Each structure stands twice: as C-alpha cells, then as structure tokens.
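There are 2 protein chains.
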Amino acid sequence: MHIKAAILAIGNEILSGHTVDTNSVWISQQLNKLGIEVVTRMAVGDDAQAIRKAIQIGEENASILILTGGLGPTADDITKKVLADYFNAQLVCHAEVLAHIQGIFQKRNLPMLERNTQQAEVPDNCTVLFNKMGTAPGMWFSYDQKILVSLPGVPHEMKYLMAHQVLPKIQQTLTDHHIIFRSVVTAGQGESFVAERIADIEDSLPPYIRLAYTVHYRVLTLRLTGFGKDKEQLIKETEHYQSALAARLADIVIAEEEIPLAELVGNYLQIAEMKLGLAESCTGGYIAHLMTQVQGSSVNFKGSAVCYQTSIKHDVLGISQEILDNNDVVSEIVAKEMATAAARKFRADFGLGITGYIDQVPSESAVPPGTVWIAIAHGNEVITKKLLLSYDRVTNIGVAAQEALIFLLKKLRNS
Amino acid sequence: MHIKAAILAIGNEILSGHTVDTNSVWISQQLNKLGIEVVTRMAVGDDAQAIRKAIQIGEENASILILTGGLGPTADDITKKVLADYFNAQLVCHAEVLAHIQGIFQKRNLPMLERNTQQAEVPDNCTVLFNKMGTAPGMWFSYDQKILVSLPGVPHEMKYLMAHQVLPKIQQTLTDHHIIFRSVVTAGQGESFVAERIADIEDSLPPYIRLAYTVHYRVLTLRLTGFGKDKEQLIKETEHYQSALAARLADIVIAEEEIPLAELVGNYLQIAEMKLGLAESCTGGYIAHLMTQVQGSSVNFKGSAVCYQTSIKHDVLGISQEILDNNDVVSEIVAKEMATAAARKFRADFGLGITGYIDQVPSESAVPPGTVWIAIAHGNEVITKKLLLSYDRVTNIGVAAQEALIFLLKKLRNS
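Top to bottom, those sequences are chains A and E. Using the numbering used here, the letters of the first sequence map in sequence onto residues 1 to 415. Using the numbering used here, the letters of the second sequence map in sequence onto residues 1 to 415.
None of these hints come from the bench; they were simulated from the model. A few of these clues could be false.
No copy is singled out in the list; a pair is fine if it fits within one copy or between any two copies.
[As the list claims (entries may be wrong)] Pairs of lysine-lysine residues, derived as DSS-like cross-links and limited to a Cα-Cα distance of at most 25 Å, are as follows:
| hint | residue 1 | residue 2 |
| --- | --- | --- |
| 1 | 107 | 386 |
| 2 | 107 | 385 |
| 3 | 53 | 146 |
| 4 | 81 | 132 |
| 5 | 53 | 4 |
Note that the structure is predicted; figures quoted are calculated from it, not measured.
Construct all of the structure, not just a fragment, from the sequences and the given hints.
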C-alpha cells in the first residue's frame with residue numbers, strides 16, 4: 001500500500017495568480033523520493049473556512065498533509081490561528097523561538113515589534129520545527145495516524161525546514177515503500193507517433209509500472225514510474241523497460257535521465273574537455289542563463305555576446321560591415337559569422353550563433369516572422385539549422401533556446 | 001455575491017513535480033479580470049476516481065470548474081472518458097473536429113492513427129470548443145447552474161481556447177461582478193516594518209477591500225483587492241487607499257503597478273531616450289534575458305557581454321590586464337571597469353557591470369562567498385553597490401539580478 005500525501009498552499013496571492021506556487025512542486029519531488037505518492041494538491045486563500053475545509057479534504061485522501069504559507073507577521077496571515085482552533089489548542093509563546101527572533105532583530109539593529117513577538121507563539125499540541133532561516137517556526141502535528149506539517153511560504157525557509165526536519169522525521173515513520181522513476185528523453189517526433197512505435201512495450205508493462213508522456217516544447221519525455229516494496233527488484237524491472245524504450249527510439253533519444261538540457265550539454269563538454277562560447281541575438285542571453293544556472297559551468301562555458309542590435313554584431317563580434325550590409329541580419333550567413341566569431345572571441349572549441357525575428361520583423365526585411373537561424377562552429381566546420389516559430393514572444397525565446405541546445409547536444413553526442 | 005471558480009489540473013507529471021502547473025496561474029489571472037474569484041485550485045493524477053472526487057469538491061465550492069490536461073492521444077490520458085462516465089454520456093465522433101485533425105495530418109504529410117481519430121470523439125452532452133491550435137478539442141458542459149470546461153493541458157492550446165471561447169462565453173453569463181487590483185511595489189524594508197508604518201491605513205480599509213503582502217526576494221508588494229458591483233466607484237476607492245499607501249511609503253516605493261522590474265527599467269530608459277549595455281559575470285546573462293523578454297526592448301537595450309571567465313573580461317571587454325592582475329575579480333574596481341566598458345563597447349548611455357561569487361570562491365581569493373559588486377556608469381559618474389548573498393546558487397543569481405535592476409531603477413527615477 002502506498003503512503004499518500006496531500007499538499008496545501010495557502011495565500012491569496014497564489015489563488016489570484018500573482019505568485020506561482022513552486023513550493024508544492026518541490027515538495028512533491030521530495031516526497032516522491034521517499035516513495036510517498038502525492039495524491040492531491042490544493043491552493044486556497046487566506047480564509048479560515050477554506051483552510052479548514054482543505055485540511056479535511058486532505059485528511060480524507062492522505063495520511064500526510066503539508067501546508068505552506070500564511071505564517072508571516074502581517075494581518076493577512078492566519079494559518080497558525082486556524083490550526084490552533086482546528087486542534088482546540090492554545091497559542092503559547094515558545095521560548096527558544098522567541099530568543100531566536102530577538103537575536104535576528106538585535107543582529108540587524110532593528111527594534112522588535114509586537115507582531116514579531118507573536119511569531120514565537122505556537123499551538124500547545126505541536127512540535128516546533130526550529131527555523132534557522134527566518135522568524136516563522138514550522139509546526140508538526142501528530143494525531144489519529146495522521147501527520148500535519150505547517151511551514152512558512154518563503155521558499156528557502158520552507159526548503160530548509162523540509163530538508164533538515166520534516167523529511168528526516170517522515171523517513172523515520174516509513175518502512176518499505178518505494179517509488180522509482182526512470183526516463184527516456186526524446187526530441188524530433190510527435191507524441192502520437194512515439195506512442196505508436198512503442199505500443200507493444202507499453203502494453204506489456206506490469207500494473208505496478210506506469211508510463212507517462214510529457215511534452216516541453218520540442219522535447220518529449222517518457223517517464224516510467226514503478227511502485228513496490230523490494231527496491232532493488234523494482235529498479236531492475238523499471239530499468240528493463242527503460243532500456244527497451246531507449247533501444248526502440250534510439251534515433252530520437254537525447255538522454256536517459258531528466259536533467260536540464262544545459263546540464264547535459266555541460267556534461268558532454270566536460271567529458272570532451274571542450275569549451276563553449278555564444279553569440280546570441282534573438283534569445284537575448286537566455287541560453288547563457290540556462291548554461292550558467294548549472295553549478296560548475298564556468299569550467300566549460302566561457303561567455304556570451306548578447307548582440308541585441310545589429311550594429312553591435314560589428315562593434316562587439318567584429319562581423320564585417322559588408323556582410324551585415326548585404327544580408328538580412330536574420331540569415332544563414334550572419335548566423336555562421338556569429339558562431340565563428342563566438343568561437344574566436346571567447347577562444348572556445350565550440351561557437352554557437354543564433355539570430356532570429358522573435359515577434360516583429362522590421363519593414364525593410366522580407367524574412368517571415370518567427371524565422372530563426374542557429375549555427376554551430378567547431379574547428380573548420382559550421383553547421384546550421386533553420387526554425388520557423390509561431391508562438392508568443394516568451395515561448396518563441398524558450399523554444400529557440402531549447403532547439404539550440406538540442407542541436408548542440410546532438411552534435412556533441414555524435415562527436 | 002461573488003461568482004466562484006475552481007481550477008483542476010490533471011496529470012501525473014504535475015503531481016510528481018515533473019511539470020510546473022503554470023496553466024492554473026494564468027487561468028486564475030484571466031478569471032480575476034472578469035471579477036470571478038478562484039476559491040480553490042487542485043491537482044490530481046491521471047486517475048479516474050481522483051478526477052471524479054476533485055470535480056465533486058469543485059462543485060461544492062464553486063459554480064465554474066475549469067479542468068486542464070488528460071486530453072492527449074496516449075493511454076495515460078483519461079479525462080474525456082471520465083467526463084463521459086460522470087455525465088452518463090456517450091462518446092460520439094464530432095465531424096468538424098475529425099476533419100480538422102485529418103487536415104493537420106495531411107498538411108504534415110503524416111499517416112493518421114486510430115488514436116488520433118479518437119481525439120475527435122466527445123461526450124454527446126457537451127458543446128465542442130473548436131481547437132484551431134491542436135488536435136484535442138475543448139469541451140463545455142452546462143448543468144444545474146454549473147459550468148464545467150475541459151481544456152487540453154498544452155499551454156498555448158489552453159490559452160487559445162480560454163481567450164477565444166471560454167472567457168467570452170463566461171462573460172455572457174455575468175452581470176456586475178468586479179475585482180479590482182491596485183498595488184504599491186517597494187524595495188528596501190522588511191515586511192513587518194512596512195506593516196507597522198501603514199497599520200492605521202490597513203485598519204481603516206472597508207471590508208470589501210483587502211490588503212495582502214507578497215515578498216519576492218528584495219521586493220515587497222502591497223496589493224489591494226476590491227470586490228464590488230459598481231466598477232467606477234470601486235476603482236476610485238481602491239485607488240484612494242493605493243495613494244495613501246504610496247504617500248506613506250514614498251521613500252521605498254519603486255512602482256505603483258505590478259509589472260516586471262525589467263519592463264519598468266525599459267520604460268524609464270525609453271522616456272529618457274537612453275540606452276543600456278551590460279557586462280555580466282555572476283548573473284550569466286540573466287539580466288539580459290529579463291530585459292529582452294519585454295516586447296520592444298531592442299529600442300533601449302543594446303546587449304550584454306556575458307564574461308563568465310576572467311580572461312574574457314580582458315579579451316571581450318578590454319579591461320586592462322594590470323587591473324585584473326592586481327585586484328580580485330570580485331571587487332569594486334573590476335565592477336566599475338565592467339560598467340564603463342559596457343557603456344563604451346555597446347555605445348550606451350548607461351553601462352551596468354556585475355561581478356560576484358555566486359556559490360564557490362576560488363582558493364586564491366579572500367573575498368567571502370556570496371559577495372557581489374554592482375556598478376552603474378553614466379556619463380563620467382560611476383556608482384557602486386555591494387551585496388552579500390547567502391542562498392543557493394539559483395536564488396543568488398535571481399537576487400543579484402533583481403538588486404541590479406532595483407539599483408538601476410532608483411538611479412533612473414532620480415535622474
């Protein structure tokens with residue numbers, strides 16, 4: 001039997017769409033790693049009745065409830081009062097938490113306010129999860145075979161408490177429940193066709209291994225999820241099906257693990273002891289950002305020249321004025337020049353250039369909107385690829401950057 | 001009385017945390033604009049019982065239910081079958097949808113599969129929402145004073161159907177229900193202190209205008225939400241409180257609307273007819289990416305030199321080797337040189353340079369980890385700011401970019 005969890009995000013800003021609830025995503029990932037299945041996620045406003053109702057729904061569906069948000073010092077934060085009320089508990093001042101908050105204010109040389117003192121109050125039936133990263137303590141309630149945990153909504157505080165207190169405490173209560181994920185990542189073929197190619201493998205899956213398809217722009221991921229008690233056996237079986245899928249789809253597989261494309265590119269560069277330089281026009285620094293989000297990327301990533309105006313392609317990259325004058329700035333030859341200049345300027349083994357019209361095309365150009373040229377220079381060779389994108393601006397930037405990384409990844413896998 | 005809506009995202013990939021549910025965020029924003037309050041958001045897996053249960057919870061709490069996901073051509077997509085079953089309806093082939101799907105496959109010169117034909121089947125009690133952007137039709141169910149809408153999970157298809165079909169149809173059923181949002185955006189003071197400074201204004205708010213605080217790194221946003229029938233009167237009242245808050249907090253206000261910082265910077269640059277060039281080290285192109293996500297940014301943004309390795313600061317920006325040899329690469333003087341070089345290289349009125357140790361510090365440096373120097377060059381003046389960050393890598397990059405934009409925004413507001 002699976003252990004089931006429910007996640008409840010509290011806050012008007014989440015419901016109104018002013019804030020994206022990334023906390024629940026992260027918590028889901030962490031619980032999955034412990035073999036706990038998240039069966040429902042909910043978001044409600046800072047409203048006592050709505051919070052109570054959501055807790056009841058969570059209790060009906062799961063044995064572990066994780067709440068985030070509503071623990072701040074301002075009047076709209078009511079989670080703690082609702083919980084005290086729900087459990088018929090008294091709010092009492094927690095001395096250690098109070099001392100910690102006083103310490104924070106002393107250190108910052110700020111006066112302590114009544115509302116800050118109140119942050120040290122907790123329902124008398126909870127175990128305090130001491131929050132080194134902020135002023136709001138986490139709270140752990142055990143009752144009727146259920147666990148309810150209330151955490152602050154500030155992401156780095158929530159993550160700290162989950163990692164150092166909640167997950168270890170949950171782990172103590174678990175025996176043998178495991179979830180295993182294994183993936184095959186593909187690019188270049190649509191969902192229906194891939195499904196058709198692997199239909200017999202999908203049909204042969206045992207009931208405790210599920211297959212799901214997820215599409216992110218041009219990348220289609222096939223994810224196997226196995227549930228079971230014998231971890232080693234489960235890994236073996238899930239990997240058996242992973243290998244079968246990867247073999248069948250060998251022509252479109254780009255990875256057998258779900259890590260960011262930029263990290264895959266970085267790994268291949270590192271193995272080959274090669275370095276990358278970029279010249280970005282239409283992606284405006286986004287590829288550089290994706291590359292540098294990866295820890296340790298300075299080893300293989302040298303930099304990017306973000307040339308958002310045509311004159312800069314001459315001034316910074318040194319592309320000849322003649323080429324720029326005689327060609328559309330969105331053309332194969334300009335992309336090639338950018339790639340070559342990127343390799344040269346950054347003294348890199350691979351240079352990648354990308355130029356395109358992401359939304360609007362200037363009146364003097366005959367190039368269709370959404371046209372993007374990507375070029376990769378390596379040694380004396382330059383390869384190119386053309387895209388024609390038709391989404392909104394932000395999506396087009398995302399797809400163009402993704403296509404560039406896929407193009408580079410395929411080149412690196414074949415080198 | 002408010003009209004209430006519930007949003008239900010369907011898909012194992014959402015529950016497992018492999019996909020971030022941005023659809024629900026966007027739908028919330030759109031419904032809010034129509035004056036509809038989203039009272040609950042839920043996410044469940046591709047599981048018939050869980051979907052039915054979530055629909056029932058939605059019906060108990062709201063009169064409008066929006067479902068996304070589970071309409072694809074693969075075996076894990078079951079939403080349509082669950083809905084047919086829920087409404088005791090038959091699945092019937094919809095001729096227009098079938099012709100549309102056939103057209104897509106013909107155009108791409110691909111054979112049509114049985115699973116694609118099945119995408120044209122819909123429950124016989126629904127109104128089909130024709131999906132020009134893809135193969136899965138949307139479905140609209142009216143029953144017992146309730147509206148249930150089922151949409152594909154692919155974001156651009158969902159958005160197309162919402163904008164062109166769902167929202168106009170909902171609007172027809174509405175009379176006078178309005179929600180008005182007004183905001184005051186601040187930087188430089190903590191939540192508790194701001195709350196204390198405006199306590200009397202907060203206490204004087206009428207019950208139909210709520211105040212919420214949201215923190216994103218160093219930016220604290222105060223958002224007023226007014227509910228009412230008389231739109232003009234409601235705007236007037238909400239703006240009265242907005243002005244009172246802005247006047248009280250004048251020293252820390254950076255904006256009176258919630259638009260991205262990069263867009264605010266762009267607007268100030270455009271008014272002043274000035275241009276910006278960047279030299280980014282530790283932010284790795286992220287500031288350039290934020291600037292270029294804004295439509296029309298090529299007017300005032302010239303580019304960025306992402307110099308991820310020290311040697312590139314000399315090779316690309318032309319900073320003298322002597323300065324680089326005699327100073328830590330994370331120092332005030334190198335930041336100043338980067339800002340000046342960015343203004344010069346990109347022929348820009350404002351040059352911004354940023355250099356820092358985002359996570360690891362090389363052994364030869366005595367600078368504490370998390371140290372970041374920001375410099376802005378304008379004319380003959382260069383101003384600088386130092387940060388000391390202590391979060392994880394990705395957060396540190398985000399905070400550093402945000403602080404740089406705030407620093408630039410304050411400079412532009414005062415120029």
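Verification of the supplied hints:
| no. | hint | in the structure |
| --- | --- | --- |
| 1 | 107 <-> 386 | between (56 Å within a copy, 19 Å between copies) |
| 2 | 107 <-> 385 | between (56 Å within a copy, 21 Å between copies) |
| 3 | 53 <-> 146 | both (16 Å within a copy, 21 Å between copies) |
| 4 | 81 <-> 132 | within (22 Å within a copy, 49 Å between copies) |
| 5 | 53 <-> 4 | both (18 Å within a copy, 16 Å between copies) |
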